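**Student:** Here are the chains, one letter per residue:
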Amino acid sequence: MTAPQIEIQVIAVLVAVSCALPGTFLVLRRMAMMSDAISHSILLGIVLAFFVTRDLTSPFLVAAAALTGVLTVTLVELLNRTGLVREDAAIGLTFPALFSAGVILVARYAGSIHLDTDAVLLGELAFAPFNRLVVLGYDIGPRALYMMAGITALNILFVAVFFKELKLATFDPGLAAVLGFSPGVLHYASMALVSLTAVGSFDAVGSILVVALMIAPPATAYLLVDRLSTMLLLSALLGAAGAVSGYWVAHALDASIAGSMASMSGLLFAAAYLAAPGRGLIPITLRRSRQRLEFAQRMLLVHLYNHEGLPDAGRENRVEHLHEHLKWDRSFAERVVGAARDRRLVERRDSLLILTDAGREAARDAMVG
Amino acid sequence: MTLSDGGSPAIKVDDLTVAYGDKPVLWDVDLEVPAGVLMAVVGPNGAGKTTLIKAVTGLVRPVAGTVEIFGRPYAEQRRLVGYVPQRSSVDWDFPTTVLDVVMMGRYGGLGWLRRPGRTERKLALEALEMVGMTEFAGRQIRQLSGGQQQRVFLARAIVQDARIYLMDEPFQGVDATTERAIVELLKEMRGRGKTVAVVHHDLQTVPEYFDWVTLLNVRCVASGPVDRVFTEGNLRLAYGGRVSYLTHHGPGDALSGEGDG
Amino acid sequence: MTGHRSLARAPADGSSAGRPRCSRRAGASLPSRALLLLLLLASCDLPKRHDAGVPEPKELSSRRIAVVATTGMIAEAAAEIGGDRVDVRGMMGPGVDPHLYKASEGDVVRMASADVVFYNGLHLEGKLSEVFERMRNRVRTVAVTDGIDRGRLLRPPGFEGAYDPHVWFDVTLWMEAARTVEHALSGMDPVHVHVYRANGERYRERLSALDRYVRDRASVVPPSRRVLVTAHDAFTYFGRAYGFRVRGLQGISTVAEAGAADIQALARMIAEERIPAVFVESSVPVRYIEALQEAVRARGFRVRVGGSLFSDSMGDPGSPEGTYVGMVRHNIDTIVAALSVPGEPGRRDGAGGGDR
Amino acid sequence: METALKFLADLFSNHTLRTVGMGAVFLGIANGVLGSFAVLRKQSLLGDAISHAALPGIALAFLLTGSKSAPVLLLGAAAAGWLGTLFIMSVVKNTRIKYDSALGLVLSVFFGFGLILLTRIQRMPVAAQAGLDTFLFGQAATLLLRDVATIGALGAAVLVLVAVFWKEFKLLCFDPDFAHCLGFPVRALDILLTALLVTSIVIGLQTVGVVLMSAMVVAPAAAARQWTDRLGAMVAISAFFGALAGGAGALASSVVAHLPTGPTIVLCLSAIVIVSLLMAPNRGLVWGWARERLNRRRIMVDAVLADLHVLALRHEDPGHGHPISVLRTMSLGHGGVDRSLELLRKRGLVRKTEGGTWSLTPDGLAEARRLSGKGDEGP
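These protein sequence lines are chains A, B, C and D, in that order. Residues 1 to 369 (the working numbering) are what the first sequence spells out, left to right. Residues 1 to 261 (the working numbering) are what the second sequence spells out, left to right. Residues 1 to 356 (the working numbering) are what the third sequence spells out, left to right. Residues 1 to 379 (the working numbering) are what the fourth sequence spells out, left to right.
Heads up, a few of these hints could be off.
[Stated by the list, open to error] Listed next, the stretches of chain D that the computed footprint assigns to chain B, with coverage defined by at least 3 CB atoms under 8 Å from CB atoms of chain B:
{"no.": "1", "stretch": "165-179"}
{"no.": "2", "stretch": "182-194"}
{"no.": "3", "stretch": "229-240"}
[Unchecked claim] A short list of chain A residues far from chain D (calculated; beta carbon distances all over 10 Å):
{"no.": "4", "residue": "218"}
{"no.": "5", "residue": "253"}
{"no.": "6", "residue": "292"}
[What the hints assert, rightly or not] Below, computed lysine-lysine pairings styled on DSSO-like, alpha-carbon distance capped at 30 Å:
{"no.": "7", "chain 1": "B", "residue 1": "23", "chain 2": "B", "residue 2": "122"}
{"no.": "8", "chain 1": "B", "residue 1": "12", "chain 2": "B", "residue 2": "23"}
{"no.": "9", "chain 1": "D", "residue 1": "93", "chain 2": "D", "residue 2": "42"}
{"no.": "10", "chain 1": "B", "residue 1": "187", "chain 2": "B", "residue 2": "12"}
{"no.": "11", "chain 1": "D", "residue 1": "352", "chain 2": "B", "residue 2": "12"}
{"no.": "12", "chain 1": "A", "residue 1": "167", "chain 2": "D", "residue 2": "98"}
{"no.": "13", "chain 1": "A", "residue 1": "167", "chain 2": "D", "residue 2": "93"}
{"no.": "14", "chain 1": "D", "residue 1": "98", "chain 2": "D", "residue 2": "42"}
{"no.": "15", "chain 1": "B", "residue 1": "23", "chain 2": "D", "residue 2": "98"}
{"no.": "16", "chain 1": "D", "residue 1": "42", "chain 2": "A", "residue 2": "167"}
{"no.": "17", "chain 1": "B", "residue 1": "23", "chain 2": "A", "residue 2": "167"}
{"no.": "18", "chain 1": "A", "residue 1": "164", "chain 2": "D", "residue 2": "98"}
{"no.": "19", "chain 1": "D", "residue 1": "93", "chain 2": "B", "residue 2": "23"}
Calculated from the structure, these hints are not laboratory results. Keep in mind the model is a prediction, meaning the values are calculated, not measured. Glycine included, every Cβ here is placed at the ideal spot set by N, Cα and C.
Taking the hints into account, I'd like the entire structure generated from these sequences.
**Tutor:** Structure (structure tokens):
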């Protein structure tokens, strides 16, 4: 590995960690799309700041972008407060308006300048290691590394200090207000942090990866664990895993790094979606069929028990008869009988089925239950 | 339409097992509800009361078991079953009026392509009158109180003209007057030969409101006429040790507030 | 501490030196490890002076110089001038819009292992241009437009320091760019100055022949019809150099959109001045120009689509348009062929489905 | 007058305005109708998600066919958008992940995968790839007649389907469980309605671009919701708003130079939304605010009346005047005593005595008794 390669992965991991924390709350509070909304609406801030500074390289433009992020969040919140539109509609109303205002300004007053979000935010992880921070003539590393380290630290600090309040405000804003935690203030603080994290990360890794890292790892963690604290931790870990594995996929394919990282985060989600213990599609399907088999065995036992010793036992207690009486198809009936025999609940003499002592016991239990 | 209900129970549930995640919510439930009874489904939180209703109406898919309505599978008898969901299950801010919601009860009978017309309107207004909501016909549904919303749901069920009604907590968030009115209505429906199953919370009113009861706690603890089945022994089986309700209870007790489903 | 030292110093050493040492640090994947690394990085160990990393001339004279160029045009200039002294790798292949270039992982390695990076500058590569400027302490980076007299650059009114970056359409400006490449290579590898000078001379001669060719061809078109209408504002330098009025549908920025009034204004001009043809560009959807064509037809004049011009990138490698000279020739030939035939009036209710 | 008429005549004989205007109006109608359902089902942001999710479809279509023709790429975009939507529906149905997270997930992951494909394509030495990444940056100003025809046909198809399945869609959006119990194939209806939305989004994407499409889905419906409490009216108003904004945006951008059409339409939509939120009868914020002020004023007036009543009870003569300063101290914190007294005087409930003091009239006494009978109105 070369130094830039390491730096890219460290930056990506930092972005993953810093996005996972606010991302978890966004996912839980059903505001996940806020990240994407911010990525569009910051154009307006950038354009306005450019008209003031007339300089594409001014750091003021990035600050204006972050402020526009906060503005977006505030507008969405205001719309929400009216109770006239829902959260998703509020987001969908806000960002197109801000973005369109930005585009109109560019078209009217700066059409001959290459002015858009890409011109101000680097947004490309591949180039992040080459954007160095030079202090007093010393090259001390990629800018993005320092910026993301700062944002990560801020996020961790915020979550650590306000963990209790955040948790309460996330699950029960009403109760939080009653207890005097002022969910409004906390909400704005956390949304300002979302905006800051988003814009800082857009600069480092590009908007699409930020959206992916804010949503996919927390969503994956949500499938796997139930506690907020473990969810936060797991989100960060999953984000980092997606970032690093994504990097090597990009390396193998010589493809977009951000794209690969987003895709790997998506794959991790897909894996959890399919196989998460207890919640994944596969475990659920397996459990369904297992329960069906178990249940069928009990039905079998009860059936055998009911007919045991009666004159019609010779007719009723045959595998073929199960097919007719219990409406099982032949292979399923065989499977059920096989499973019951493995558990030594049933014995098979020729085609006649006979309960063992254990089987008789189990049948009685089943009937009582 | 001839119905094959000669002797077959209105609802027959066999070996019904439903699981959410890895937790069985209903386990091997057998149930027979004769036609023309007013039945309460009671049980502690998480007992699977709502799930039972949803499984009967096919809203959740059971792991095992079958449901029969008048001796035939539910899918064939769908039209005979009316469903009153929990009030919280719909969006009350939806742009629609009381009359409109009630007319929805006729949609199933209309089938594809046909629009509700004068007949449906008349039926809906009649149903609204039965629940005492005529004057609210043109109101947007958000502007109603909880009890009024519940009455609208009942009216919608009435216009369905089903033979069996399954109701999920019709008394939740409803004032005492409305509760009385609803009970009267339910009794009247029973009088007309309908079968009504109600998820219910207030144990004390069970003997007064209902003639049939099912005690549920994941398994079916007991089911039958209230005077035979609604015994302290069965309640203890269903609720474990928490049977203090018999002396004091009320909404806000451990017994109220639905958490399952 | 060694880990952090190697990481901190690696940039200054140049990447070839950093590579073997860092390969042991595969464990950086763990977030905790990464955080640790970061803390160490941020601590106060003194890195080297940043200008120490530029490769020594001596080292370069004995091997081929690794060159990375952003656009195809720059890659070609570097290859022509460097000859067999250089290994040129272009980042943006044919058909890639430099404004919208998406980097791939390979670019990291290519850039890190380059001896020199040639880029266009003037914000053609967006924010990347800025990064290249700042990278100079790490890898030698050269903006090929740096050598051009700022007075010759087009500047949109009102904004300081913002220039139109599409200089390659004025061949004489591109000769300046080639000279910048030559100087840069000579400076890095003084031992082979004669090679670069000879190659550079030869290349510039070809370019100046090309310039004459373009001028000759352009003069075929009657001055009144020397109007170049395209989808976006890339051909302003071309217009200035060869006497064409240039009209674009939309500005330079990729987010900018045209308004209905802009299309109407352009259509009115085309119809009134009876401009025979408009042109599509390889990187802009054809429909933009088709809309213009429809609008013109509705005014009772038929404007042809004169053909496709290469704007921000060259054609397929191996084809004539895959070289700078071939591309410019293709453009001027297409333009001249289309504009030297007078325009034909269309019928208002014309066969092409004008109005209705 | 004549010049104005001529100007209008010019404007409407103008080809670009007519084409763009018609396209925008049709698009506004189709999306106004479908958007109503989307907004009511909390799918407002589906447009945003689908427009991003379409990227890998476009890239794959190009990779597989090597063609950049619009139908091929559109098919790819629609397929990817459709797949993404199915995935969203499946995740929401089977897990506790909410709709917004599923949207964001599909948006970013699909787009990320699209980026991988795009960078692979970039590495291919094929000049024909040019413009692939701008395929979805539609330009509303460059609508062609054939686009208008497509949009018109699509709009008509949407209207017909929505009319045919009107009551089913209504039931699906309001109470899907109940729909299921009535025997309607809820899932199939869901897929049909979503398919209509995806189709109109993808068509719109290529012609007018991502952001305009996102706004077209949400804004007309959100605005229309304020004006009515009936679904039918909401859909109609929403279609009208969509058409209005489309027409107004097209008009504005053909009168003013350098006013991009798509964003102008978005801003027209935003203006409609703002006006609706503020001014719509019943729900509008301004009315709510006015109602509240009115109520507050009424309570204050009643409070002053009650104060006077209390004072009158202490005196044998109910007509005895009381200085305003006493009333001020009694109504501490309410303020506006002077104005309240003035209002009461106009209603003939109080009178000002010669000494500048205030007392109840017989009417006022009766009214005050009535109020105090209600109990809770006094201070």
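**Student:** Between residue 167 of chain A and residue 98 of chain D, does the CA-CA distance stay at or below 30 Å?
**Tutor:** Satisfied, since the Cα-Cα distance of roughly 18 Å is no more than 30 Å.
**Student:** Count the residues of the stretch 182-194 of chain D with a beta-carbon closer than 8 Å to any beta-carbon of chain B: does the count reach three?
**Tutor:** Holds, because 3 residues of the stretch 182-194 of chain D bring their Cβ atoms closer than 8 Å to Cβ atoms of chain B.
**Student:** Given the hint that residue 352 of chain D pairs with residue 12 of chain B, test it: the Cα-Cα distance must not exceed 30 Å.
**Tutor:** Not OK: residue 352 of chain D and residue 12 of chain B at ~80 Å, beyond 30 Å, violated.
**Student:** Residue 23 of chain B and residue 98 of chain D were given as a pair; does the straight-line alpha-carbon distance stay at or below 30 Å?
**Tutor:** Between residue 23 of chain B and residue 98 of chain D the Cα gap is close to 21 Å, so the pair holds against 30 Å.
**Student:** Hey, does residue 218 of chain A actually stay past 10 Å from chain D on C-beta?
**Tutor:** violated (8 Å)
**Student:** Can we trust that residue 292 of chain A is non-interface, i.e. its beta-carbon lies farther than 10 Å from all of chain D?
**Tutor:** holds (19 Å)
**Student:** For the pair supplied as a hint, residue 93 of chain D and residue 23 of chain B, is the alpha-carbon distance within the 30 Å limit?
**Tutor:** The hint holds at about 18 Å.
**Student:** Would you mind confirming whether the straight-line C-alpha gap from residue 93 of chain D to residue 42 of chain D stays at or under 30 Å?
**Tutor:** It holds: about 15 Å lies between the C-alpha atoms, which stays within 30 Å.
**Student:** Are the Cα positions of residue 12 of chain B and residue 23 of chain B separated by 30 Å at most?
**Tutor:** This hinted pair holds, its Cα atoms lying about 24 Å apart.
**Student:** Please work out if residue 23 of chain B and residue 122 of chain B have their alpha carbons no farther apart than 30 Å.
**Tutor:** violated (46 Å)
**Student:** Are residue 98 of chain D and residue 42 of chain D close enough, with their CA atoms no more than 30 Å apart?
**Tutor:** holds (11 Å)
**Student:** In terms of beta carbon proximity below 8 Å, does the stretch 229-240 of chain D have 3 or more residues touching chain B?
**Tutor:** Since 5 is at least three, the answer is holds.
Figure legend: structure checked against the earlier numbered hints; hints not met, in rising order: 4, 5, 7 and 11.
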